[in-house]
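Engineer: As a plain string of letters, each chain reads:
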Amino acid sequence: MTAIVDYGVGNLFSLCCSLKYIGEEASVTSSPDEIMAADRLILPGVGAFGDAAEKLRETGLDGVVKAFAATGKPLMGICLGMQLLFDESEEFGLHKGLGLIPGRVVPIDSLEGWDRRLKIPHIGWNQLKIIKKEPLFANVNDGDCVYFVHSFCGVGCGEALAAVTEYGAEITAAVQLGNVCGCQFHPEKSGQVGLEILRAFCGISASGGESPC
Amino acid sequence: MITKRIIPCLDVRDGRVVKGVNFKDLGDVASPVKLAEYYSGAGADELVFYDITASAEERKLFTEILTETASRVFIPLTVGGGINTVDDFDRVLKCGADKVSVNSGAIRDPSLVAKAAERYGSQCVVLSVDVARVNGKFHVFAKGGREDTGMEAIGWIKRCVENGAGEVVVNSIDTDGVKKGFDLDLLAKVCMSVRVPIIASGGAGSIGDFIHLFRTLPQVDAGLAASVFHFGEIEIRDLKKKMEEAGVPARLV
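If you're matching them up, the sequences are chains A and B in order. Numbering follows the numbering used here, in which position 35 of the first sequence is assigned residue number 35; successive positions increment by one, without gaps. Heads up: take any position in the second sequence, counting from 1, add 213, and you land on the numbering used here.
Simulated from the structure, these hints should not be mistaken for lab results. No residue lacks a Cβ here, since even glycine has one placed at the ideal position from N, Cα and C. Take these hints with a grain of salt, some might be off.
[Claimed, not checked] Taking lysine-lysine pairs in the PhoX-like style, the calculated list, with each CA pair at most 20 Å apart, reads: (1) 20/A to 307/B; (2) 119/A to 402/B; (3) 307/B to 328/B; (4) 328/B to 350/B; (5) 371/B to 350/B; (6) 328/B to 273/B; (7) 371/B to 402/B; (8) 119/A to 371/B; (9) 350/B to 307/B.
[What the hints assert, rightly or not] These stretches of chain A come out as covered by chain B in the derived footprint (C-beta under 8 Å, 3 or more residues): (10) 57-71; (11) 101-112; (12) 125-136; (13) 172-180.
Take the sequences, apply the hints, and build the full model.
Structural biologist: Okay, here's the thing in structure tokens:
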């Protein structure tokens with residue numbers, strides 16, 4: 001069973017549906033007991049880093065997520081949820097993250113040499129350049145497209161960098177360090193490729209290339 | 214490299230897909246859920262569900278169809294039609310929509326875009342605008358393109374983007390249903406005025422129209438169409454392949 005952390009941020013309907021679709025039992029919960037009992041944990045999130053970090057702290061779920069990570073069971077952050085795994089963020093002031101992935105979160109347009117002709121946010125389907133094939137991208141190919149919606153991105157994550165994408169500069173698309181991983185893109189909105197990434201995270205074998213539709 | 218998005222639009226009434234030519238003469242096509250699954254499999258990058266229901270019962274049926282689609286189709290879903298209040302945003306987001314497009318609702322209540330963007334984030338708020346030439350000027354039309362508001366279109370789009378609209382669907386009434394290409398003059402003006410993603414709508418008749426659009430106006434992020442996809446005149450798979458061959462970045466599935 002995969003628990004999805006409910007801390008009042010974002011729309012969890014599609015994420016929940018996508019897990020059920022691949023045959024994974026999913027539960028949207030804010031109960032520390034239920035979270036700790038889960039086989040896997042997903043930290044979702046949309047909106048501003050500061051608000052989300054504050055909500056995690058207010059609800060005490062920041063400690064629960066860290067405790068879960070310490071058990072060695074798989075944890076995945078998605079979109080803002082991935083950014084929350086980092087040490088800190090520069091989004092509208094400096095905010096502390098969970099510190100499970102080294103590095104910080106900065107505006108895309110502050111990246112060195114960023115192409116200023118491009119639009120912010122980075123919205124749409126962009127290609128993955130895979131750095132670590134295992135575990136997330138075992139059934140996904142270099143150049144496959146996934147769906148992004150973001151204005152900030154993680155930097156300085158060193159050996160945790162698992163995939164990048166090109167949008168005016170090289171942008172962190174995924175991170176992974178031990179049992180902790182994160183996707184800047186939305187696997188639950190990335191069609192067949194996204195479902196394969198979720199299958200890999202849930203330890204479900206690949207679909208064998210059959211279309212889900 | 215980021216790819217150009219291809220977006221089929223499904224007009225839904227009474228639980229069925231319909232498409233108007235110049236917004237009139239609606240004809241029945243197919244089941245929205247089945248069509249959504251088909252398009253997703255064929256490589257559609259996103260889907261727009263446009264609610265043209267007239268009664269509360271039909272609206273309930275629409276949200277049921279949306280929920281069913283969202284539990285089987287895992288690409289971004291945008292809902293439009295009948296969005297007049299922040300509560301309407303809430304209603305469709307809970308049923309699995311990722312973005313909500315506002316049109317007449319924003320004209321009636323210009324604060325709607327700002328209120329929705331504050332609550333759900335700009336990435337969730339899509340401004341949809343129906344535009345036609347009136348005495349050589351671009352005017353905003355309301356109520357499905359039937360009513361001239363007298364408002365100048367570029368100013369209206371700029372104002373809504375400043376208020377927090379995260380994307381703009383520009384639908385040209387003049388080219389809609391004519392199938393002779395997108396309204397490049399109008400789109401060029403919009404591209405010069407705002408820095409959010411622009412979705413071109415109205416006028417696609419062939420694969421070449423899409424390629425011409427993206428080559429002429431590289432600032433346009435997506436192309437939206439309905440009947441050419443519904444009636445099989447353009448297969449999305451072929452369109453994507455031809456785009457790629459023509460040097461327009463496309464997501465191939």
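Engineer: Taking the hints in turn, state whether each one holds.
Structural biologist: Here is what the structure says about each hint:
no.	hint	result
1	20/A to 307/B	holds, 17 Å
2	119/A to 402/B	holds, 17 Å
3	307/B to 328/B	holds, 18 Å
4	328/B to 350/B	violated, 30 Å
5	371/B to 350/B	holds, 16 Å
6	328/B to 273/B	violated, 24 Å
7	371/B to 402/B	holds, 11 Å
8	119/A to 371/B	holds, 15 Å
9	350/B to 307/B	violated, 39 Å
10	57-71	violated (count 0)
11	101-112	violated (count 0)
12	125-136	holds (count 3)
13	172-180	violated (count 0)
This entry does not satisfy hints 4, 6, 9, 10, 11, 13, going by the numbered hints stated previously.
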